[in-house]
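In my numbering, the protein residues as written are 1 to 434.
Keep in mind that the hints were calculated from the coordinates and are not lab data.
Cβ atoms here follow ideal geometry from the backbone N, Cα and C, with glycine treated the same way.
Careful: at least some of the hints might be erroneous.
Derived pair list, reagent style DSS-like, types lysine-lysine, alpha-carbon separation capped at 27 Å [stated by the list, open to error]:
id: 1; residue 1: K123; residue 2: K388
id: 2; residue 1: K123; residue 2: K204
id: 3; residue 1: K123; residue 2: K212
id: 4; residue 1: K123; residue 2: K209
Cβ pair distances, simulated, as ranges [unchecked claim]:
id: 5; residue 1: T214; residue 2: V325; range: 40 to 50 Å
id: 6; residue 1: V409; residue 2: P19; range: 27 to 37 Å
id: 7; residue 1: R208; residue 2: G72; range: 14 to 24 Å
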Amino acid sequence: MISLLSITLFIVLMFIGVPVSAALVLATILCMVAGGYNLILLPQQMGASVGSLELLAIPFFILAANLMTALGMTRRIFDVAEAAVGWMRGGLAHANVVAGVIFSGISGAAVADAAALGSISMKEMPRLGYAPPFAGAVVMAVSTLGPIIPPSIMMVVYAITADVSIARLFVAGILPGLFIAVVISVTIAVLTGFRFTPAPEPTKFSARKLLKTTWSAALALLAPVVILRGMASGWVTPTEAGVLACAYALLVGMLERTITIRGIVGSLVETAESSALILFIIAASSALSYVFVSEGTAAQLSQILASLSVGTVSFLIISNLLLFVLGCFIETLPAMLIAVPLLVPTAKALGVDLVHFGVVVIFNLLIGFMHPPIGIGLFIIMSISNLKFGELAWAAVPFVLALLVALGVLTFVPEITLWLPNLLLPEPGRAGVR
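All chains, please: the whole structure from these sequences, using the hints.
Written out as structure tokens, the structure reads:
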């Protein structure tokens, strides 16, 4: 009863305009009072939840993304992508996908990808004749790659919450991320090829332009390789990889002479603001999860599912439906922190590989990044363009449907997720759908 009250209060507070972080804390306090809990437990739980060293990866990856945007590395990556696929119909939209895949190997966050790519695409695409709502929808769809292709802030948080290997989860996101990128590109090809949305005529491919832009962006393009190679080889931990990404960005800035005091200070300020908000949400969600555990909600849910003789396939269907509905009303990170403690015990009991389940959970909630009513991606694109909420949300519908199809494939074909980690970081145990 207390758990249901907490979720209801949280959603009500969100709908009346209370910020997510404040809504989480207020809902938790009111429920702790209603349940007779000692309120001293609130700051204790919040403090303990952010005391993990692994969480240091979050500010470092955010800083790396901000530095690379400030130093012009994101612009050069986008130029290479445009030169590589600009000859296709809808070439600049496809360039977003290529740039998104590369930048996802640096940023680790959907918000960072949306802001970085949106600042370029929302100017260039409408100028060349693309419909602005379509341009915004493309950026949002591509931004979902950020937390799937490693490194990933959401994966760090999930791994700590579900007690799984961060490195193994990172490796597991590579093939699903590439698969999702292909799905987005196919959607773009269908929409532009069949004239569902206006697109300029393809430009002639220029090997010279591709070589020139690749040479100009060579050091920026090496950033994901350096980060992933460092983690795959065991030279650095996922947390240290964040430090490596920052150091590499600064080194490139010095070599290319694009580094400025103003750029560094601005990146540090943006990182401090973003990291503080994320860590506060983690702390507040942890306190709410403590109430769920104390009330026995997770155990009760497992018993209900067990009494219904729910198998692995049924559980994954129910979980996806629950997560999709949750993602409609709650932002991605707090939604995951609420859902994971409830679903993981049952997933573990049914023999679902928690690495596979983590990728499914994260991707499902990321789809909520681009659809109403809470979709943060919609508000980010609106903030950097003159688009209205309704026209942007409608333009995103084909991409949401395509991503839901991709979600279904990733859910029921766990080999896509588990093949690479089983090859590079083998771990005994059962995996995926049996």
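Unsatisfied constraints (hint numbers, rising): No numbers; nothing is violated.
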